[in-house]
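Residue numbers (the working numbering), protein chains in the order written: chain A, 1 to 419; chain B, 1 to 547.
Hints in this document: simulated from the structure, not taken from any laboratory. Heads up, a few of these hints could be off.
As the list claims (entries may be wrong) - Rough simulated footprint, nothing fancy, chain A against chain B, three-plus residues with beta-carbon under 8 Å:
no. : stretch
1   : 145 to 159
2   : 168 to 177
3   : 181 to 189
4   : 391 to 402
5   : 458 to 469
Every residue, glycine too, gets a C-beta built ideally from N, C-alpha and C.
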Amino acid sequence: MIHSHPPTLSSMPLSRRQALGLSAASLLAPLGLHAEQIKKQQRACILVWLAGAPSQMETWDPKPGTGNGGPTKAIKTALPGVSIAEHWPQMAKALGNVAIIRSMVGKEAAHARGTYHLHTGRRLGGPEKHPNFGSVVAAELGDTNSELPNFVSVGQTLSSGFLGVNVAPFIVNRAGQLPANVSTAVASPRVSRRLALLKAQDADLSKAGAASLVEEHRVLYERARRLMTSPKLKSFKLDGEPAARQQAYGKNPFGQGLLVARRLVEAGVPFVEVRRGGWDMHNSLFTRIKPAAAQVDRGVASLLGDLKRRGLLERTLVIVAGEFGRTPKVNSKSPAPGRDHWARSFGLMLAGAGIRGGHVVGKTSANGQEVVDRAVSVEDLFQTICSAMKIDADKELFTPGGRPLKIVDGGKPISEILG
Amino acid sequence: MRRLLILMLCALLAIVASTADAQTKKSGKRRATARKSAKKAGKKKSTTKKPKLPPLKTSADKQKFLAIIRDSMPVRRAGSNIRYTPLDLDRSLEYRVGRDRSYAPLIDDERFVRRVHLDLVGRPPSGTEVRKFVADTTSSKRPRLIDQLLTTEAYARKWARYWKDVIFFESTANRNRTNPKALEDWLTGQFKKGASWDAIVAELVSAMPVRDKKKKKEKNDWSQKTGQNNFVLAYENKPPLLAAQTARLFMGISIQCAECHDHPFDKWKREQFHELAAFFSRGKYYMPNLDNPAKKTEMKPKFLLGEQPPVKLTTHQRRVAIAAYLVYNQDNYWFARSFVNRIWNELVGDGFYAVDSLGPDQECLHPSVVNRIAAVFRYRKFDPRWVFRLLLNSRAYQRDIQSIDNDEDLFTAVRPIRLNSAQVKSSVLRLTGANRNIGRSVEREFRFDPSIPQRDLEGTVQQALFLMNNPTLQNKLNQSKLKKRLVNVKQPRRLLTQLYLAVLSRQPTDNEYARGQKHLRAVPDRAEAVEDLIWVLVNSTEFLTKR
Numbered sequence: 001m002i003h004s005h006p007p008t009l010s011s012m013p014l015s016r017r018q019a020l021g022l023s024a025a026s027l028l029a030p031l032g033l034h035a036e037q038i039k040k041q042q043r044a045c046i047l048v049w050l051a052g053a054p055s056q057m058e059t060w061d062p063k064p065g066t067g068n069g070g071p072t073k074a075i076k077t078a079l080p081g082v083s084i085a086e087h088w089p090q091m092a093k094a095l096g097n098v099a100i101i102r103s104m105v106g107k108e109a110a111h112a113r114g115t116y117h118l119h120t121g122r123r124l125g126g127p128e129k130h131p132n133f134g135s136v137v138a139a140e141l142g143d144t145n146s147e148l149p150n151f152v153s154v155g156q157t158l159s160s161g162f163l164g165v166n167v168a169p170f171i172v173n174r175a176g177q178l179p180a181n182v183s184t185a186v187a188s189p190r191v192s193r194r195l196a197l198l199k200a201q202d203a204d205l206s207k208a209g210a211a212s213l214v215e216e217h218r219v220l221y222e223r224a225r226r227l228m229t230s231p232k233l234k235s236f237k238l239d240g241e242p243a244a245r246q247q248a249y250g251k252n253p254f255g256q257g258l259l260v261a262r263r264l265v266e267a268g269v270p271f272v273e274v275r276r277g278g279w280d281m282h283n284s285l286f287t288r289i290k291p292a293a294a295q296v297d298r299g300v301a302s303l304l305g306d307l308k309r310r311g312l313l314e315r316t317l318v319i320v321a322g323e324f325g326r327t328p329k330v331n332s333k334s335p336a337p338g339r340d341h342w343a344r345s346f347g348l349m350l351a352g353a354g355i356r357g358g359h360v361v362g363k364t365s366a367n368g369q370e371v372v373d374r375a376v377s378v379e380d381l382f383q384t385i386c387s388a389m390k391i392d393a394d395k396e397l398f399t400p401g402g403r404p405l406k407i408v409d410g411g412k413p414i415s416e417i418l419g
Numbered sequence: 001m002r003r004l005l006i007l008m009l010c011a012l013l014a015i016v017a018s019t020a021d022a023q024t025k026k027s028g029k030r031r032a033t034a035r036k037s038a039k040k041a042g043k044k045k046s047t048t049k050k051p052k053l054p055p056l057k058t059s060a061d062k063q064k065f066l067a068i069i070r071d072s073m074p075v076r077r078a079g080s081n082i083r084y085t086p087l088d089l090d091r092s093l094e095y096r097v098g099r100d101r102s103y104a105p106l107i108d109d110e111r112f113v114r115r116v117h118l119d120l121v122g123r124p125p126s127g128t129e130v131r132k133f134v135a136d137t138t139s140s141k142r143p144r145l146i147d148q149l150l151t152t153e154a155y156a157r158k159w160a161r162y163w164k165d166v167i168f169f170e171s172t173a174n175r176n177r178t179n180p181k182a183l184e185d186w187l188t189g190q191f192k193k194g195a196s197w198d199a200i201v202a203e204l205v206s207a208m209p210v211r212d213k214k215k216k217k218e219k220n221d222w223s224q225k226t227g228q229n230n231f232v233l234a235y236e237n238k239p240p241l242l243a244a245q246t247a248r249l250f251m252g253i254s255i256q257c258a259e260c261h262d263h264p265f266d267k268w269k270r271e272q273f274h275e276l277a278a279f280f281s282r283g284k285y286y287m288p289n290l291d292n293p294a295k296k297t298e299m300k301p302k303f304l305l306g307e308q309p310p311v312k313l314t315t316h317q318r319r320v321a322i323a324a325y326l327v328y329n330q331d332n333y334w335f336a337r338s339f340v341n342r343i344w345n346e347l348v349g350d351g352f353y354a355v356d357s358l359g360p361d362q363e364c365l366h367p368s369v370v371n372r373i374a375a376v377f378r379y380r381k382f383d384p385r386w387v388f389r390l391l392l393n394s395r396a397y398q399r400d401i402q403s404i405d406n407d408e409d410l411f412t413a414v415r416p417i418r419l420n421s422a423q424v425k426s427s428v429l430r431l432t433g434a435n436r437n438i439g440r441s442v443e444r445e446f447r448f449d450p451s452i453p454q455r456d457l458e459g460t461v462q463q464a465l466f467l468m469n470n471p472t473l474q475n476k477l478n479q480s481k482l483k484k485r486l487v488n489v490k491q492p493r494r495l496l497t498q499l500y501l502a503v504l505s506r507q508p509t510d511n512e513y514a515r516g517q518k519h520l521r522a523v524p525d526r527a528e529a530v531e532d533l534i535w536v537l538v539n540s541t542e543f544l545t546k547r
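Construct the entire structure; sequences and hints are all you get.
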């Protein structure tokens, strides 16, 4: 029989809310100018998520002329001696600002699991629901009093897991449109009239014993109202962006999503994810890659150029990644061949926020089946990202059960690309 | 078959009742008889010393076997005529909390009828239901309403949904391999027919879903359509996950930290975690060595209090054994208590301890009270309705709300409780009429983990934005039957009474009459004025709160 000793509820190690560092006090903290100034120098991140897993050999690590290379040709880039796949002419020119990793070694080759691994730095299946990295950034760098949400995702993404609702992704389904429910059909004086009545209604309940719930409700409504009337709300829209620039990013939902991402980062949002699906090319890869790559090539190159011109690239990390890579061997699927899931060697791209441009990390064998130099694990990648974002990767976050978990578990930053 | 069962019974009795001393002569006698007859049966067949267990491969065999163990649990018979009333509960609780403390007054009929509807059937009462209940002058109307609601399908559905959410909230299993709806439907059936909590949990924990090999390719069939398989499927049939979740959900204790190291705040050892996990393993179970992945230690199944199967068991038998150790084990007081604590937590907003993070070193508040309820719950054959009747009829439940900041104030009042997504959904849809778009949005925006304590829950800006501005919701409210009806009510007082009854299930206060009348006078357009008033109540804190 195990014996028991009675401490009280409040003597428990941490309440869940304390564990998350999201007390009512932090919600109510006055909005200081100081915070705004700090934010200006602060890091931001744009994650360009290529859902479905792009083929490394048709992106950053082509193997023309080899048995596995397929019909894909390589093109020269701004970096002497470095070639990438022919589908990326704009990125080839921008490579001076970009670090390419050719030696990612993953562990997951199924979509849900890979998405989880590359969004959280953890593998799916443990007892915890780990937070999307965007939520970690929102919690670590976000301003609880900001008018805009601290994590915006254009398209669906993974949840904030155990970090809770306050840092959950704010999802925008279509780039260039206002988020759901921020505009009202009711004229402004009438809104004020209603809010005044609401205040009186809630004051009665507050007196009747629900003071803390009423106070929280008031804060939420204030924040909702601030968002509704915020001048920054226009960052979700593209009004005022010259037609030429919209054209440069690409007149498609993905390109416009990147442009919105830039506008949001400019307005102070620390993490924005933009999703572009359609990369799960088991068949007909060599024809399907063309339009997909053309969109992303153009969009990302324009984004990098635009960020650089505005002086934002120094503090904004851009990541272009998918959940894993694709088989070096071309399959024989109909109607035309493609490549299947492969996590043992794949590539991705990082730029900005002090990442050293013009750097290629790692090498794969001639047939692309093995990493032969500088293997980079997913944990290494997250260490690198934390380092660039100035987030302490060793910091412990607390799960609702009070279990401390480091932001990144293991791995080492790729020091050669960190400024 | 009967003979075989008795033989098996003998073996598992040795497992489960090994620590049970004969508390009463009666039960002692019966066990002796059981042993005798088992001996007789054994003489003919077995020459080996160890009893042979049946394979227990099918769910029906498992349940039959567990039922035998259940009927032989001595403590259940011993206490079958012990009485414990709501009054007993209140007396002992108030004694523990302190008789000199100030307690919140009991709530009036209007408040009671809303509270009990939200708790038992997951929706607020209609204006008519409120009026009828208030007008009823018989003295036993509160217990009668409780009894009546407990017989409804809505009661079964509400609590089935609660447990489905509890089980699935931490699940990261592939959606195609689980079926939460099937689990909810199965649980609804169980609660409706009055199944006992022990039988429900034993069936969930002992399940061993088998893939249909013929169907698996084309239909992705993991036997998830069978509702009771979904606890195991939600945790991917993986031993460490099932061990952690079985302890968390059905014992209220947190041991998952012990998967990798001895628990930092508690006494749990790493070995204990893996011994528990070993019950859920298909073959031999190994505890990984964290320093050297090549080395690992084989762990034999052993329950948390040291109980160990005397014989080697097959995969299926191990599942039955863990179910028996969990449920029919008089030393495992956590099992009954965690159910009581969860229901208490749902009803009054705080548990005697956090519902899923207790450890042996983190005892609860007022243990004598909750332990007593848990013990009687076991005597009452783990009947969930008995727990509901006890709690709902108590003063502890029927007290007014108060914001509670200190542990000392717990249970002197009821905490104002945030409604869950299903309750918000029913509150909204009864105003707008059925609407899939609105229903889904509410389910998405107002979802929270039911295992998180009320005091740690938070609302979101999206919830506020949805109730303030969602175009579909605003449209439906502006065209609702309620609005059309109210616009035609000339007399402001009657209008306001109907409005408050429809939205908040109560009559307005004098203050609210005064404010409402002022607004109706100030806004010349009656339709516009009514729209404003509906909007205000739908956006009020009270609309989202059980008070």
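Outcome of the hint check:
1. Look at the stretch 145 to 159 of chain B against chain A: 0 of its residues bring a Cβ nearer than 8 Å to a Cβ of that chain, fewer than three, so the hint is violated.
2. Requiring three or more residues with a Cβ within less than 8 Å of a Cβ of chain A, the coverage given for the stretch 168 to 177 of chain B holds, as 3 such residues are present.
3. Restraint check on the stretch 181 to 189 of chain B versus chain A: 0 residues with Cβ-Cβ distances below 8 Å, three needed, restraint violated.
4. Interface restraint, the stretch 391 to 402 of chain B with chain A: holds (3 residues with C-beta to C-beta distance below 8 Å; minimum three).
5. Three residues within the 8 Å Cβ limit are the bar, and the stretch 458 to 469 of chain B against chain A gives 11, so the coverage statement holds.
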